[in-house]
Amino acid sequence: MNAQRRERIIKRYDLEEQPRGTEPQERIQGLQVDSTLLPEWRLEHVDPVKRPEQPPGTRSLWSRGERGSEQVLSVEIWECDSSAAAREFLLEALDQFESPEVERATDARAVGDIAFAYHEHALLYARANLVVLIRNAGRELVPVTGPAREIDERLTGEQAEG
Amino acid sequence: MSVRLEAIKFNHDPSSATSDAFNIRRNATQFVSVPEWQHGVSVLPEDSPAAYAMKETRGHTITIQAQFRALDPGLGTVEIRAIDPTLIPKPWPFGWLLWPLLWILRYLLRLFFGNVLGEVRRRKVTFPPGGLTGIETFRLKNVAIQIAGVGVRTTTWRWQYRRSGGAWTDFETTQHRIYVVVETPKSPWNQAPYNSGNTQLPWTEVLDYACRWGLLARTADAAAAGVTRGVYNLGPAVITYDCPGGGSTHYSWGSFDCTRFLERLKGGVGLGLYVNCTDCATILSTFANALGADLWQSRMEPPGAPWSFGLNPMLGIGSAVWQPCCGWSGFSYHEVAWKGACTATEEVFDACLQVDGDADPTAPPHVPLLPVSLRFGPVGALLYRDRLATPAGRPHCEPNPASRQRRIVV
Chain C
14 MNAQRRERII KRYDLEEQPR GTEPQERIQG LQVDSTLLPE WRLEHVDPVK RPEQPPGTRS
74 LWSRGERGSE QVLSVEIWEC DSSAAAREFL LEALDQFESP EVERATDARA VGDIAFAYHE
134 HALLYARANL VVLIRNAGRE LVPVTGPARE IDERLTGEQA EG
Chain X
341 MSVRLEAIKF NHDPSSATSD AFNIRRNATQ FVSVPEWQHG VSVLPEDSPA AYAMKETRGH
401 TITIQAQFRA LDPGLGTVEI RAIDPTLIPK PWPFGWLLWP LLWILRYLLR LFFGNVLGEV
461 RRRKVTFPPG GLTGIETFRL KNVAIQIAGV GVRTTTWRWQ YRRSGGAWTD FETTQHRIYV
521 VVETPKSPWN QAPYNSGNTQ LPWTEVLDYA CRWGLLARTA DAAAAGVTRG VYNLGPAVIT
581 YDCPGGGSTH YSWGSFDCTR FLERLKGGVG LGLYVNCTDC ATILSTFANA LGADLWQSRM
641 EPPGAPWSFG LNPMLGIGSA VWQPCCGWSG FSYHEVAWKG ACTATEEVFD ACLQVDGDAD
701 PTAPPHVPLL PVSLRFGPVG ALLYRDRLAT PAGRPHCEPN PASRQRRIVV
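If you read the protein sequences in the order shown, they are chains C and X. Just so you know, we're using my numbering here: the first sequence kicks off at 14 and counts up by one. Just so you know, we're using my numbering here: the second sequence kicks off at 341 and counts up by one.
Certain hints may be false.
As the list claims (entries may be wrong) - Have a look at the derived ranges for each label pair, beta carbon to beta carbon:
id	chain 1	residue 1	chain 2	residue 2	range
1	C	101	X	661	50 to 58 Å
2	C	44	X	448	53 to 61 Å
3	X	603	C	117	46 to 54 Å
4	X	698	C	23	36 to 44 Å
Claimed, not checked - To be clear about the criterion: a stretch of chain C counts as covered by chain X if any three or more of its residues have a C-beta under 8 Å from a C-beta of chain X, and this derived list gives those stretches:
id	region
5	46-57
6	128-138
7	143-154
Claimed, not checked - For the chain X half of the interface with chain C, some residues (derived, Cβ under 7 Å), not all of them:
id	residue
8	399
9	585
10	609
11	613
12	671
These are computed hints drawn from the structure, not numbers from a lab. Just so it is clear, CB atoms sit at the ideal spot from N, CA and C, and this is done for glycine as well.
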């Protein structure tokens, strides 16, 4: 992400530069994305994410209800080297939203260490060194806060074990 | 039957595309091996694909290479050819008055369905004592690539041989999936290195759609226009704009997940229903560049505060409602397929939305206009920028040519 676009995002969301040495030191590694991540959903597929200039991660699609259901969730989880790297990557993720109405979540949607949301249907957050993006991918919309919290509970459990 | 066709090579020179087919693969994981047609292996046309570029082959004689086996030990030297069985035979028994109609009918049939590779010109082939020839080069005749334009068609050949002074005898009928593009594909597609590890060789699974969307095009712009319409018309059934998700990128953050997008085109889940402008720009430019267009994916955005630009009413992909996209106050950025340096003087192609094409794009009535070869333009020129952004938003809708890229295909 070039410096100009990074600066735009920081100013747009009024994000203060986090002083070095104050970021959380915990690191979550080797998270397995399988059908137990969201027990009420059916895991359709999991792809490793190997994009240039991005941390490694996974992209999974989940459906609920009858086969061919229109309730579909997309969950992407990236594993960064550190919490500071996760915050940097979060800026890049924010830069992918065309809507100017994506806002910092400070209410019930405030999942993880820092979160951004578009209404009830898209949530982007960082927890330690991980960045999570959960969105609707099907025609029948579902709120994503609940699944996001389920995932975050799994992450904090992994964090505690680490 | 005394002769058997063993193999045919269409892409017999990987370093060139002037007299033979250019380098292709099927998808991310499957290569197209040469010879493309093999006895006992190739049954359906799609088992034997080959792709040709109009520009590179213009003025050149196209050749194929083939290998034969004599089933009769005493065969010696014969003439071999392949004719087009789809042509209506001469003489036509209904008189000369209908001949012009017949000529038009044959032209149309060949254009849409026929042998763009014409026929295989006869030549002598000598069978050695073991019965298996070497790789023999044949010239094609009546090739219709330049007439037919972009498309994906089946070429059918009826192979025949004859002994000196004898009658022609059929020995094989082969069918081949032939793609015609305007020019050899542009980046992210490439022609080298030519090996199974190069995933950026043009994919036939992409050409299956691109050639249909760009059907009959003879220029890169016409091909890109067809692809723009083809992508936009995928909405709302296959893809639709990501209003629920704040207009986020689903298929093309970093690299373009073409594998999952093709899955979506074929009726699968893919990466879901939703796309944003980055996805549309990437899909459009990648598929159009497979036909020989030379487009980039590039952004327009405010250089500073305010952090968005206001939008005129539009029809987002998959939507039938004239409104600023999703009813938002504006876009924080927008991305399109763009020519050249991706500045205000270059043309854009936008498959993500239709703008209002009349004299006042800010208010009803609205005339749908899909941006195709539309110059971005300065403020006040009533070109792409003015049709996309409100009068107050136009100064903040600035090209950002530093963002131009061509995402690799995975």
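Right, here's what the structure says about each hint:
| no. | hint | result |
| --- | --- | --- |
| 1 | 101/C - 661/X: 50 to 58 Å | 38 Å, violated |
| 2 | 44/C - 448/X: 53 to 61 Å | 59 Å, holds |
| 3 | 603/X - 117/C: 46 to 54 Å | 34 Å, violated |
| 4 | 698/X - 23/C: 36 to 44 Å | 40 Å, holds |
| 5 | 46-57 | violated (count 1) |
| 6 | 128-138 | holds (count 4) |
| 7 | 143-154 | holds (count 7) |
| 8 | 399 | 40 Å, violated |
| 9 | 585 | 4 Å, holds |
| 10 | 609 | 6 Å, holds |
| 11 | 613 | 6 Å, holds |
| 12 | 671 | 5 Å, holds |
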